[in-house]
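Enquirer: So the sequence lines, in the order shown, correspond to chains A and D.
Going by this note's numbering, the residue at position 145 of the first sequence is 145; the numbering climbs one at a time, nothing skipped.
Going by this note's numbering, the residue at position 32 of the second sequence is 290; the numbering climbs one at a time, nothing skipped.
Simulated from the structure, these hints should not be mistaken for lab results.
Predicted model, so just to flag it, every value in this text is computed and none were measured.
Hints should not be assumed to be uniformly reliable.
Within a straight-line C-alpha distance of at most 27 Å, the following computed DSSO-like cross-link-like pairs (lysine-lysine) qualify [claimed, not checked]:
| id | chain 1 | residue 1 | chain 2 | residue 2 |
| --- | --- | --- | --- | --- |
| 1 | D | Lys389 | A | Lys2 |
| 2 | D | Lys289 | A | Lys252 |
| 3 | D | Lys355 | A | Lys252 |
Some, not all, of what chain D presents toward chain A, calculated at C-beta under 8 Å [said to hold, decoys possible]:
| id | residue |
| --- | --- |
| 4 | Ile325 |
| 5 | Gly330 |
| 6 | Ser336 |
| 7 | Asp375 |
| 8 | Asp382 |
Negatives, chain A to chain D, calculated, CB over 12 Å [claimed, not checked]:
| id | residue |
| --- | --- |
| 9 | Tyr18 |
| 10 | Phe26 |
| 11 | Ile40 |
| 12 | Phe91 |
| 13 | Leu96 |
| 14 | Ile101 |
| 15 | Leu125 |
| 16 | Phe201 |
| 17 | Tyr218 |
| 18 | Gly249 |
| 19 | Tyr253 |
Note that the Cβ used here is the ideal one computed from N, Cα and C, for glycine as well.
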Amino acid sequence: MKLYFKALGLHLKSELEYRASFIISFLSQILVFFSYYFIIIALFSKFSNIKGFTMYEVLLCFSIIQFGFAFNEVFARGIDKFDKLIIDGGFDRLLLRPKNIILQVLCNESDFIKVSRLIQALIVLVIAVIHLNISWNIFRVICLILMLCSSIAIFFGIFLLAASYCFLTVQGLEVRNVFTDGGKHMAQYPIGVFKKGFVYFFTIIIPYGFVNYYPLMYFVGKNNSCLYSFSPIVVFVYLIPCILVFYAGIKKYSSVGS
Amino acid sequence: MSFIEVKQISKTFRLVKKKSGLKEAFKSFFKRDYFYVNAVNDISFSIDKGEIVGYIGPNGAGKSTTIKILSGILVPDSGDCKVDGITPWKQRKEYVKKIGVVFGQRSQLWWDIPAEDTFDLLKDIYDIPEKEYQDTKRELIEKLNLADIINIPVRQLSLGQRMRCEIAASLLHNPEILFLDEPTIGLDAVSKQLVRDFIKRLNKEKHTTIILTSHDMADITSLAKRIILIGKGQVLYDGSLRTLKNQYETNRLIHIKTKDKITIRNKGILNKIKAKDGYDILLNTKELSISEFLNRISRNVIIEDIDIENESIDQIIVKLYEDYQI
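Input sequences plus hints: build the corresponding full structure.
Expert: Here it is, written out as structure tokens:
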């Protein structure tokens, strides 16, 4: 862990080497992502609700997904950019070092510009929660924390799966976008607003539903079973096969080579 | 048992047959033809502790594959390999602490920050104790002359400076074995010399076993006493460089500057050309040794200047490749 933070510090140092570029990118990220939130606000100025979900509920949903995604882009960028590592041969280098491979991949890259999105997501989250008139209890607090954690976990898992895919074809990136970007855009809204098929897909195949839909139902009081507040735990279980698949990929790599 | 013991390793890669043209590219998109390449085929050798071995062969001979297997990145299809009792690809974490690898063509240093920061990170990666780390670092800085360049972002360093930092980075954890994959590629004469001197010294002082691949034969001649020649995935020659030289280096070209006429005739003189200010003579040293030759001509010729051309090791290698048809 100490190693990871040290690497993180060095990444920050590298990025600060290019000061102007860093500031401009940071600001432009803020602008781009505010436009996403504006779309939702614009949408709700026309319709008061979508299938019973109010604006702040959707914003909450949205910000949780954005939070998890941005978190991984900042802190797990190496896995997101894993294809690069395979192509330029940097992965061989990692295999030559006496530390856990996933940890090393994490150390390998990070993207501090995306911190702007992380902060943004948190601000929107706070605003949404304030406006929602939550009747707070201990389960709701746990529920919110679990939602945030599971959002981080699910993108971590999906990034890992996408990275494992690189072992097979080296470069086949569009498929993964279906799950990351595509999935992200779906899951920004409460998946209940979509057709049944989508709901099943994003509950069973990729458990986005457990990140924000089911817990959200409990959180805003649409469902009173506190079982729902613990549903994000499913996502952590989902991580296990993701990690196993990644290790299987490494094994294949070392028998096939670049 | 030797320090490094490689027994009959083989490795085959499956590659997709690619033909030129867009049409063919489409075809292969749907139906792929594979072909198999024996990257290395039944290779065995053993290396003792403290040896420097030059590992040479033409491009695509299987050099990198062997290095990758020896460093534990690749698993061979068959055969066995033991280094100090450890199988490289089985006990990865334990094994890699013993080795250092320098890839001449790939950098392990962080591009935008000074090399010293990368060193600090490596300290944590290898769990090097603070004192040992400081000592090793100081020693490397001194020997590789890094004091002035260690605090400059790597991207601003020249190739030679960067290579010195690369080598230092690979040695921070005091490995017992050092793999050098073309360590002098693209360097100028001074940097090359510095790198070679350092490697020699390292081997002498710390008994580090060094396996070196290079296409620059000057690297090999100045460093390695023993070479392993590999071609088409097989070991073609394994032995001392000197034996190889004696075996192949029989013809020497001698330039003699003189105003007199040389009339000597001997079976050993293969060719005699009159040049502008003297003669170029090609001598077969097995028939007539150089000293005998000089002895004879100096009796009746005043030699103003003499230049004996060494048949370069490059030429020897070309001959060798031709002989083995690789």
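Enquirer: None of the hints should be skipped; say for each whether it holds.
Expert: How the hints compare with the structure:
1. A hinted pair counts as satisfied when its Cα atoms are at most 27 Å apart, and D:Lys389 with A:Lys2 qualifies at roughly 18 Å.
2. In summary, the hint linking D:Lys289 to A:Lys252 is supported, as the alpha carbons are separated by about 23 Å, within the 27 Å threshold.
3. The hinted pair formed by D:Lys355 and A:Lys252 meets the criterion: a straight-line CA distance of about 23 Å does not exceed 27 Å.
4. Annotation: D:Ile325 was flagged as interfacial toward chain A, and the flag is violated, the nearest CB pair being 10 Å apart, outside 8 Å.
5. Taking 8 Å as the C-beta contact cut-off toward chain A, the hint placing D:Gly330 at the interface holds, the least distance being around 7 Å.
6. Interface hint status for D:Ser336: violated, as the beta-carbon distance to the closest one in chain A is roughly 12 Å, over 8 Å.
7. Interface hint at D:Asp375: satisfied, since its Cβ lies 5 Å from the closest Cβ of chain A, which is below the 8 Å cut-off.
8. Hint status for D:Asp382 relative to chain A: holds, with the closest Cβ pair at about 4 Å, below 8 Å.
9. Not every Cβ of chain D is farther than 12 Å from the Cβ of A:Tyr18; the closest lies at roughly 8 Å, contradicting the non-interface assignment.
10. No Cβ of chain D approaches the Cβ of A:Phe26 within 12 Å, the least distance being about 17 Å, so the stated non-interface status holds.
11. Even its closest Cβ contact with chain D, about 37 Å, leaves A:Ile40 beyond 12 Å, as expected for a residue assigned away from the interface.
12. Some Cβ of chain D comes within 12 Å of the Cβ of A:Phe91; the nearest lies about 9 Å off, and the non-interface call is violated.
13. At roughly 5 Å, the least C-beta separation between A:Leu96 and chain D is not larger than 12 Å, which violates its mark as non-interface.
14. With a least beta-carbon separation of about 9 Å from chain D, A:Ile101 fails to lie farther than 12 Å from that chain, contradicting its non-interface assignment.
15. For A:Leu125, the condition that its CB be more than 12 Å from all CB atoms of chain D holds, with the nearest at approximately 33 Å.
16. Taking the minimum C-beta to C-beta distance to chain D, about 28 Å, the non-interface status of A:Phe201 holds against the 12 Å cut.
17. No Cβ of chain D approaches the Cβ of A:Tyr218 within 12 Å, the least distance being about 43 Å, so the stated non-interface status holds.
18. The claim that A:Gly249 is not at the interface with chain D holds, since no C-beta of that chain comes within 12 Å of its own (minimum 14 Å).
19. With a least beta-carbon separation of about 9 Å from chain D, A:Tyr253 fails to lie farther than 12 Å from that chain, contradicting its non-interface assignment.
Violated hints, listed in ascending order, are 4, 6, 9, 12, 13, 14, 19; each of the other numbered hints is respected by the structure.
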